[in-house]
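**Student:** The whole structure should be built from the sequences, with the hints applied where relevant.
Protein chains in written order, with the numbering used here: chain A, 2 to 82; chain B, 1203 to 1985; chain C, 2 to 239.
Derived by calculation from the structure, the hints in this document are not laboratory data. Any given hint could turn out to be false.
Here are the simulated lysine-lysine pairs, BS3-like style, with alpha carbons at most 27 Å apart [unchecked claim]: (1) LYS110/C x LYS1971/B; (2) LYS11/A x LYS110/C; (3) LYS1971/B x LYS114/C; (4) LYS110/C x LYS1644/B; (5) LYS1560/B x LYS110/C; (6) LYS27/C x LYS1789/B; (7) LYS12/A x LYS114/C; (8) LYS1437/B x LYS41/A; (9) LYS1644/B x LYS28/A; (10) LYS1674/B x LYS114/C; (11) LYS1264/B x LYS1423/B.
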Amino acid sequence: MKALVYVSLKKSVLDPQGKTIQNALNKMGYKGLDSVRQGKYFELTLDGGLSRQEAEAQVEKMAREVLTNPVIEEFRYSFES
Amino acid sequence: MTTSATLGITPELIREHGLTLDEFEKIKTLLGGREPTVPELGIFSVMWSEHCSYKSSRVHLKRLPTCSRRVLQGPGENAGIVDIGDGWACAFKIESHNHPSFIEPFQGATTGVGGILRDIFTMGARPVAVMDSLRFGPISARGGRKFLADADSNVATSPAEIHRNHSILEGVVGGIASYGNCFGVPNLGGETKFEPCYSGNPLVNAFALGLVRKDQIFYAKAAGEGNPVIYVGAKTGRDGIHGATMASEEFSQASEAKRPNVQVGDPFLEKLLLEACLEAMQTGAVVGIQDMGAAGLTCSTCEMGARGRVGLEIEMDMVPQRETGMSAYEIMLSESQERMLLVAQKGREEEVLRVFQKWGLDAVQIGRVIPENTMRVLEHGKVVAEIPNEALTDDAPVYKRPLERWEPPVAREVPEHIQLGMTRDLTGDLKNLLASPNICSKRWIWQQYDHMVQTNTVEGPGAGDAGVIRIKGSQRGLAMALDGNGRWCYLDPRLGAMHAVAEAARNVACSGATPVGATNCLNFGNPEKAHIMWQFSQVIDGITRACEELDVPITGGNVSFYNETLGEGIYPTPVLGVVGILEDERKAVRPDFREAGRAIVLLRASEPGDAIDAAFEFGSSEYAKEILGELWGYPPQLELKGEAALQKTVLELAQAGVLDSAHDCSEGGLAVALSECCFQNGVGAKIELSSSDLTAVCVLFGEDASRIVISCDPSLVSAIKQIAAKHGIEADLLGETVPDVLEIKLDNKVVISAPVSLLHGAYEGSLQKALSTEPDLATMSSG
Amino acid sequence: MKFGVLIFPGSNCDHDAYWTIQQIAKQPVTFLWHESHDLENCDAIIVPGGFAYGDYLRTGAIARFSPVMESVKRFADAGGLVLGICNGFQILCESGLLPGALMRNIGLKYVCKPVHVRVENADTPFTSACREHDVLNIPIGHMEGNYFCDDRTLAELRQDHRIVFRYSTLEGEITAEANPNGSLDNIAGICSAGRNVLGMMPHPERASEPQLGGTDGLKIFASIVASFAASRETILSR
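**Tutor:** This is the structure we're talking about:
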């Protein structure tokens, strides 16, 4: 089972990288772009020993305590088997 | 040997491995008549490649002077080593990473820096400084004309090319910064140049220097039958295996069809490797060590054996692997980064392994030293390659390629439409020249580099003609400078190369350090073309002459051929790195005027040439390129005996402590040199010059060699003149420092006058402006 | 007074801090390995600059979980002096010893240059040798020095005078141009409520010898030594 964890800056926090990418895309002539936010993506491959529920608790904890800094970042995750 | 891996080697397979049929016949002879196995073919192909074997350049490189009483290690090891006194030695080298930096600028540059750092700490030296010599295509529409072929093809650089050059530059600089900053070695700058010929062929030459106690130098040499061979660092993946050599699916069980060719650097791992290797060396249980750079495990295995006249036997199954199903062929040819091979003393393996474990690194025994002078590779216990070490090193092919004298397709005389004597706004010209890409401040680049870590940086990037560091626990300091001038080498390779040596050494001397050794990175086009080989040979002759006269032996370096795109080669571009010793780091000299009321003196080795010579030579100047948009003539003349005397003079003055400042006159000539002296402290100058029949532009912006601008207490001028005269050097009083304004009079008429702040603004702002001005690609693609 | 300099895998200013303390500030100093819990009776702990664990996840994110940091936390809670420089500041924020976080520079690039910082609070053990509103010239060298915290935290920091350094001009003006990385309120350094933990982005160890470009950084080390001596005297005189 694989957990896919997406980490991004909180909406309230300025994302200069996303801003820069957006400017570049606009400059290149791409139309209809409202905003760009950049983030990080983690693929956690779990061994088969955990139940879905255990896995969720585990991933939630890892994401909250290690993979993100709650001061500036938020996360979401999903599973893929 | 069993021939199970021999699938019948076809001429096509040989060609795909970059080998000729003659070379294949030679391989069979060296193997005692038998055909090589496929892994063996791969091993030969990388070891006999131009990159590893220097087969085209070796006959010429032999001419370089490589010895002096200070040289402890010349070419042939991972880096050269020079004795710098007080029991210290320094290891240094420059290496190219041109092609990878074009394919993937960021990663290409990181792995370039990583490779040169490993070359240094493999010798037991802790890296204490890096520098880079970078060359890119134009980054703005101005000055983008090509001078390469006949006049008809003189074309402006396209917006798409400018855009690409921006991203190559940003990627390369970002890569160098990312690797060096994390590793924790100060970047002292170097040089960055722009010419249209580098548009499809950027040059990324990385220099590193390390310090080692003279009695603690390590060599890449195996010894001692039965001693364990230990693999350390990153796991092996399929990085950097050449696509062309991967055609045959039969010998690979790999499922992935496409293999990555771009190597990715990991500076954090390299930092751990550094600390662990230096600590392991301290145990006394390490016999020899070599990094796995180009040709990876293959190169380190056969070279360590060859140097020690023993063999290494290694088992592929033991090699730590990042991917599954790797064949012996792939493992042997992988160029995964951040790996080392070492030979330890038998029975003391544990001491070595413990150190690597402490630093969290993989370290495993993969083989042992055998008495035969042979490289033996096993896979699942079966021999898959067994090759005499010499066959891969000393017996590799050497070519005496044909040479053909060549004339660049440029006018040698002043083009008719150019009127050098015309009245011009010379202050405006100076401003434009100061803002031109080759001359302007490179702060935008080096501000991204940590140039202060290790707290030794006395003169960092942008601060002096050379980078200067102090040596902790010693009075001494080291100065280093990189220089090259491809345009001059294009016009006259031999003279251009002499200039590169002279200018690098002069820069070191201007900081008050005595030049003691040099390393070179030789960037050229296709050596199979006779005129390229002629350029190469001429450059070697020029370097040889200059190094002999200036007493700076070459201790190592690297050759990069095939820098061509669509058949169009780069300017022949030798880059020289010169290292010098400061007996007392507190006597380091800076280029900056310090305060008003001081005397400004020009030290020069020779009389300015006559008006005709000056006009011919002016065509190779930055002024001709940037302001006139033309190229003609020859590089300035260079008289090496006079250059040596000039450097001795400035060193004697620095030693005596009578200099406020010293700055070399180079690109942009005297007017630019004087301006640069003003910037740091905002101190101006009033200068009086006489033209002696030369045109104003030649006097102000001509690039005559062997000149240094110094400033000093006015009461010391006569004493300085005496010291200069003793060396046969002219010392002309040019004027004095004043507050805030640079004013230059020529034959009693003011020709340049501007506030220093205005000139400084032009000099500082232009690079960032050029890079932030992106050509409008949207309109381009629709148009 | 004995200093301890932490070493994480990837620390690269550890030797610089050690050198400055030993050779310039002339104090006893020892290295403390990240896997050890033992702070060897040190009186002040330096969390040095560098790229601990490569900074690959986030700056300071992994270092905070190391054994030595558990001891440093206990040491700090008991009032021990802890100075985090650059990556050390990032680690202190990640481990909760200081509030807020250090984000990517607003210009997105690594910046290495001397900057001016104004001393906002001279009444800390790290700035006692300075006067309030002194302007110090100390270099920075970082990619993530853009200090951020929420409004409430910022208000608290201000109210408690815990903002110790702010980026300023040479004349001591707090301007946007003087801010090299986009830090909230030009913040260059903050301290804990107890004043015994300081995090700062500028590198005082890089500005402690004249030939390296100045000695303003030495004031930080001198302050620590003087404050410690003073606190000792207070204890002894009791």
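**Student:** Are there hints from earlier that the structure breaks, and if so, what are their numbers?
**Tutor:** 5, 7
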